[in-house]
Structures are given as C-alpha cells and as structure tokens.
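**Student:** Residue numbering for the sequence shown follows our numbering, starting at 3 and increasing by one per position.
Read the hints as simulated data drawn from the structure, not as lab findings. A hint or two may mislead.
Listed next, the in silico SDA-like pairs over lysine to any residue satisfying Cα-Cα at most 20 Å (straight line) [to be verified]:
| no. | residue 1 | residue 2 |
| --- | --- | --- |
| 1 | K39 | M29 |
| 2 | K69 | Q145 |
| 3 | K315 | Q293 |
| 4 | K77 | Q145 |
| 5 | K308 | N216 |
| 6 | K307 | I318 |
| 7 | K176 | E47 |
| 8 | K39 | V11 |
| 9 | K77 | E157 |
| 10 | K33 | L173 |
| 11 | K286 | N313 |
| 12 | K66 | N134 |
| 13 | K87 | I52 |
| 14 | K14 | Q49 |
| 15 | K308 | P210 |
| 16 | K307 | N211 |
| 17 | K286 | F310 |
| 18 | K109 | R131 |
| 19 | K115 | D240 |
| 20 | K77 | E139 |
| 21 | K176 | Q195 |
| 22 | K77 | D59 |
What follows is a list of derived Cβ distance ranges for each label pair [as the list claims (entries may be wrong)]:
| no. | residue 1 | residue 2 | range |
| --- | --- | --- | --- |
| 23 | D35 | K308 | 43 to 53 Å |
| 24 | I16 | K215 | 14 to 24 Å |
| 25 | D240 | Q124 | 41 to 51 Å |
| 26 | E257 | K36 | 48 to 58 Å |
| 27 | K308 | P267 | 15 to 25 Å |
| 28 | K212 | Q84 | 36 to 46 Å |
| 29 | N211 | Q84 | 31 to 41 Å |
| 30 | E172 | N32 | 19 to 29 Å |
| 31 | E306 | K36 | 42 to 52 Å |
| 32 | D304 | K115 | 22 to 32 Å |
| 33 | E317 | G283 | 26 to 36 Å |
| 34 | I214 | N150 | 47 to 57 Å |
Note that the Cβ used here is the ideal one computed from N, Cα and C, for glycine as well.
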Amino acid sequence: MDKMEQLKVFSKSIESMKSTLDVHIVMPNNKEDKANKLIEEAYAEAQRLIQIISAWDENTTLYKVNKMAGIAPVKVCDELFQLIKRGVYLSEITNGLFDITFASIDKIWYFDKPLTEKPSAQKIQKSVRNINYKFIELNEENQSIFINNKGTKIELGAIGKGFIATKMKELLQKSGIKSGLISAGGDMTSWGQSIREGGFWNIGVADPNKEIKNIAWLPIKNESIATSGNYERFAIIDGKRYSHIIHPKTGYPVEGIKSVTVLSPDAELCDAIATTIFLKGVKKGLDFVNQFFDIRCFIIDDNEKKHFSKNFKVEISYPNTANQKAVV
3 MDKMEQLKVF SKSIESMKST LDVHIVMPNN KEDKANKLIE EAYAEAQRLI
53 QIISAWDENT TLYKVNKMAG IAPVKVCDEL FQLIKRGVYL SEITNGLFDI
103 TFASIDKIWY FDKPLTEKPS AQKIQKSVRN INYKFIELNE ENQSIFINNK
153 GTKIELGAIG KGFIATKMKE LLQKSGIKSG LISAGGDMTS WGQSIREGGF
203 WNIGVADPNK EIKNIAWLPI KNESIATSGN YERFAIIDGK RYSHIIHPKT
253 GYPVEGIKSV TVLSPDAELC DAIATTIFLK GVKKGLDFVN QFFDIRCFII
303 DDNEKKHFSK NFKVEISYPN TANQKAVV
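Make the full structure from the sequences, and use the hints.
**Tutor:** See the structure below:
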C-alpha cells in the first residue's frame, strides 16, 4: 500500500456565521482521534475570532467601535486593528466598490419578504449617505479606531470569512497538518495535496439558476476560492428581477452578472474582488482582475455566457455533459 492510500480525509461541518464552517484535513487513517482533536481546536479558534470581528454582538469591540461612531475612538486588539486596516486598503484599491462600511446602508430594499414596489429615488439616494470607508480613522500609535461620522458602521463579513479560514489553516499547519481545506461560509482556502489523483481539491461552482447543484468543478491546490451570486436573494417588481447586491455609490441593485468565482492565494481577497467584479460589470471586472498575476476569475453573465480572466489556465469539468472538459 503506497503512502497516499494510507491517508484519509477527516471532515467535520458545523453551523456558524449564518452558514456552515467545514474542515477537511489529510492524516494517516489510523489517527482519527488526533484528527478529531485538531479539528475541534480549529473550531475553537474560529469561535474566538468570531467574537473579535462580529459587528452585531453587543459584547464585541467592533460593536463598540460602531456605537461610538462620531463620538470617540476605541482602542482595539491587534488582530482587529490589522483586519480593519486591510479592509480599508481593499476599499481603497477598489475605489470604494468594495467598502467595509457597506452595513451603513439604510435597509430600503427588503429581499427577505415580498417587495412589491421600488423605493423612491430620494430614499435610494439617501440610503447610501453613510457608506464611505474614508470616515474610518486608524491610529497606529494608540491602536485605536474612530469612525468620524455618526451612522457609519464597519462590517467585516466579506473579508472576515477569509480571515477566519486563513487563521484556522495556520493553526492546523502549526500542529503539523500538511494538507487540508477549510470552507468558512463558502469562502475556501486549501493547502498541500488532497488524496485525489493529481493532489487537487475539486471545488463545485453553484449553478446560478439552481437547476443542478453545481454548474462546474474547479481543481485547486494551495489556493483560495470564493463564489458570489445574485441568485440566492432577489425581488420581482413589475416583471423585472432585482438582485440583492446593491451598488454602494448609487443604492441600486446591480445588473449584468449572475455569478462570480474568484481564485487567489489570499482568502481575504477573494470575496472583496468578487464583489468588485459584480459592481464593475463583465468587461471592467475582467480588466481589473487582469492587472493581477495571481488573481483569477470565472464570470457567468445574465445571458449565461461564461467569461474568464486571461490567466485562468485550469481544467474545468462540467457535470451537465459527463465527458465535456475545457482548458481555458
């Protein structure tokens, strides 16, 4: 029996962050007890981090930062300070299309219940007035954060999932795990080799039309991936479909794209870049991604057409036609 045949993928999934948190690690098949112990340690680390980055738990520092907006700075721990600093940087390089203050939007588009008419243009314009990452002041010396506009809130869900996945991976690597995959609310990061032929982890891309579970499978290795779609929540008003993805500068739902999948070495980047592509549209989104040598994307537009960034050189398998494969 060769070395790879002696290895096994140990997995566990729990509900967390309004989604699931999945851990898969590769270990010798006779190390089940140790594998389970390490997985539980990874979950404990995730829970610790959730308590740091949550914006909605009244006991967290970030909740206090938001509550003190327009009033006073709040001293924070280094992990939170550095994550917000990176969030501001991502907001800057995307010109605010990805904005960590997006939670400041007034909830005038209700996608969790029937929406029968569009909000007025005045309400829509007013709804985005508090969204601006430039309201955030970072004090490196005091390690404090001040939001200088009352009504503005920081929310780290988009980059927070990638942050948690990365931290869990780092903990497991320090414990000697040389290969694994973590999915935090759908944001995934992988390291080492899987036990599949070629050592790749095969990741499904959700079908935006929900006719099948996955529209494609992407092999990844030592890479992170996130898929963002407008298919999960939407409203039909006067026969027109409005997605739940709102443009932070206009307040209107975006059009043109159904699904974006982004691959990058950095898990935090994936969700932010996917959001940016949605807001830029297909052409400008591809132009944006093509500036980076280590970021790739796969777009499905509203007409079901597939678009790929220039460096998307990977074999994609399509489950609809068993033998169809494409190298793009």
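**Student:** Take the hints in turn and mark each one as holding or not.
**Tutor:** Against the structure, the hints:
A threshold of 20 Å between alpha carbons decides the hint, and for K39 with M29 the separation of about 12 Å falls inside it, so the pair holds. Taken as a hint, the K69 and Q145 pair is honoured in the structure, with Cα atoms around 18 Å apart against an allowance of 20 Å. Distance hint between K315 and Q293 is fulfilled; the C-alpha atoms sit about 16 Å from each other, no more than 20 Å. For the suggested pair K77 and Q145, the alpha carbons sit about 6 Å apart, so the restraint of at most 20 Å is met.
Straight-line distance between C-alpha atoms of K308 and N216 comes to about 14 Å, which keeps the hinted pair within the 20 Å bound. For the proposed pair K307 and I318, the alpha carbon gap of about 15 Å is at most 20 Å, so the pair holds. For the proposed pair K176 and E47, the alpha carbon gap of about 13 Å is at most 20 Å, so the pair holds. The hinted pair formed by K39 and V11 meets the criterion: a straight-line CA distance of about 14 Å does not exceed 20 Å.
About 17 Å separates the Cα atoms of K77 and E157, which keeps this hinted pair within 20 Å; it holds. Under the criterion of a C-alpha separation no larger than 20 Å, the hint pairing K33 with L173 is consistent with the structure, at around 18 Å. A C-alpha spacing of about 16 Å is found between K286 and N313, which places the hinted pair at or below 20 Å, so the restraint holds. For a cut-off of 20 Å, the pair hint linking K66 to N134 stands: about 19 Å separates their Cα positions.
Of the supplied pair hints, the one linking K87 and I52 holds, its CA atoms being roughly 17 Å apart against a limit of 20 Å. Between the alpha carbons of K14 and Q49 the distance comes to roughly 15 Å, so the proposed pair stays at or under 20 Å and holds. A C-alpha spacing of about 12 Å is found between K308 and P210, which places the hinted pair at or below 20 Å, so the restraint holds. Proposed proximity of K307 and N211 is supported: the alpha carbons are some 13 Å apart, at most 20 Å.
For a cut-off of 20 Å, the pair hint linking K286 to F310 stands: about 13 Å separates their Cα positions. At most 20 Å may separate the alpha-carbon atoms for a hinted pair to count; K109 and R131 meet this at roughly 12 Å. Of the supplied pair hints, the one linking K115 and D240 holds, its CA atoms being roughly 16 Å apart against a limit of 20 Å. A hinted pair counts as satisfied when its Cα atoms are at most 20 Å apart, and K77 with E139 qualifies at roughly 12 Å.
Taken as a hint, the K176 and Q195 pair is honoured in the structure, with Cα atoms around 17 Å apart against an allowance of 20 Å. For the given pair, K77 sits about 17 Å from D59 by alpha-carbon distance, which is consistent with the 20 Å threshold. Our hint of 43 to 53 Å for D35 and K308 holds, since their Cβ atoms are close to 45 Å apart. I16 and K215 have their C-beta atoms about 21 Å apart, which keeps the hinted 14 to 24 Å range intact.
For the hinted restraint 41 to 51 Å between D240 and Q124, the CB-CB distance of approximately 19 Å leaves it violated. Range check, E257 to K36: Cβ separation about 50 Å, and the 48 to 58 Å hint holds. About 23 Å separates the C-beta atoms of K308 and P267, a value consistent with the hinted range of 15 to 25 Å. Remark: the range hint 36 to 46 Å for K212 to Q84 is upheld by a beta-carbon distance near 38 Å.
A hinted range of 31 to 41 Å holds for the C-beta pair N211 and Q84, which are about 39 Å apart. Hint check: E172 to N32, Cβ distance near 26 Å, so the stated range 19 to 29 Å holds. Evaluation of the 42 to 52 Å hint for E306 and K36 yields a pass: the beta carbon distance comes to about 46 Å. For D304 and K115, the hinted distance range of 22 to 32 Å is satisfied, since their beta carbons lie about 24 Å from each other.
About 27 Å separates the C-beta atoms of E317 and G283, a value consistent with the hinted range of 26 to 36 Å. Checking the proposed 47 to 57 Å range against I214 and N150 shows it holds: the Cβ atoms sit about 48 Å from each other.
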